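Following full-length UniProt numbering, the numbering of the sequence shown begins with 1 at its first residue and continues without gaps.
Please keep in mind that the hints were generated in silico from the structure rather than gathered at the bench. Incorrect hints may have been included.
[Said to hold, decoys possible] Within a straight-line C-alpha distance of at most 30 Å, the following computed DSS-like cross-link-like pairs (lysine-lysine) qualify:
| id | residue 1 | residue 2 |
| --- | --- | --- |
| 1 | Lys18 | Lys139 |
| 2 | Lys18 | Lys2 |
| 3 | Lys18 | Lys105 |
[Said to hold, decoys possible] Here are the in silico distance ranges between beta carbons for each label pair:
| id | residue 1 | residue 2 | range |
| --- | --- | --- | --- |
| 4 | Glu100 | Thr57 | 49 to 59 Å |
| 5 | Pro127 | Arg92 | 19 to 29 Å |
| 6 | Ala23 | Ala79 | 37 to 47 Å |
| 7 | Leu63 | Ser116 | 34 to 44 Å |
| 8 | Ala46 | Arg93 | 42 to 52 Å |
| 9 | Ser142 | Val16 | 30 to 40 Å |
| 10 | Asp75 | Leu111 | 19 to 29 Å |
| 11 | Ala79 | Asp115 | 22 to 32 Å |
| 12 | Ala69 | Ala148 | 48 to 58 Å |
| 13 | Gly143 | Lys18 | 17 to 27 Å |
| 14 | Val124 | Arg92 | 46 to 56 Å |
Remember, it's a predicted structure, so these values are computed and weren't measured experimentally. Glycine included, C-beta positions come from ideal geometry on N, C-alpha and C.
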Amino acid sequence: MKRDFTQRFGFLVNDVAKLHGEAFDRLARERIGLSRAQCRLLGVLAMNDEDGTLSQTELAQRLGLSTMAVATLCDRMAAAGWIRREPSTTDRRINLIHLEPSAGKALDGALTISDSLQARTLGVLEPAERVQLLALLGKVRSGLLDSASGEKP
């Protein structure tokens with residue numbers, strides 16, 4: 001029995017995210033030599049209030065990845081000079097991850113790629129539709145975050 005899922009919210013959101021992510025990954029690898037996962041890691045560190053420093057465990061939680069996957073990602077990124085690891089002064093089991101200065105240029109490149117891809121992706125919509133789509137997705141996101149924290153929307 002054939003089923004059509006193209007009008008289901010979960011399917012559409014996941015499929016759009018997958019297609020958009022694959023396009024970003026391809027462009028980022030070609031233009032700045034970083035994968036989408038590496039760009040996300042740099043972005044999460046750059047968004048952190050505390051001077052761009054997080055533990056590997058905190059990074060894993062924010063990225064939705066296993067600690068082992070983040071450790072491997074950090075190994076490659078430290079070797080390439082994008083980040084550096086430092087042992088915590090309060091807990092020797094914890095490695096703190098810091099952005100290196102070179103990461104700023106990479107993040108700028110990733111944002112340029114993202115802006116270009118977004119313009120192309122949303123180019124099929126009228127300007128008012130783009131604003132409405134982003135506003136509605138933001139509203140859905142807020143509702144999901146409230147639900148996850150136990151609040152009622």
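Hints breached by this structure: 4, 5, 6, 7, 8, 9 and 12
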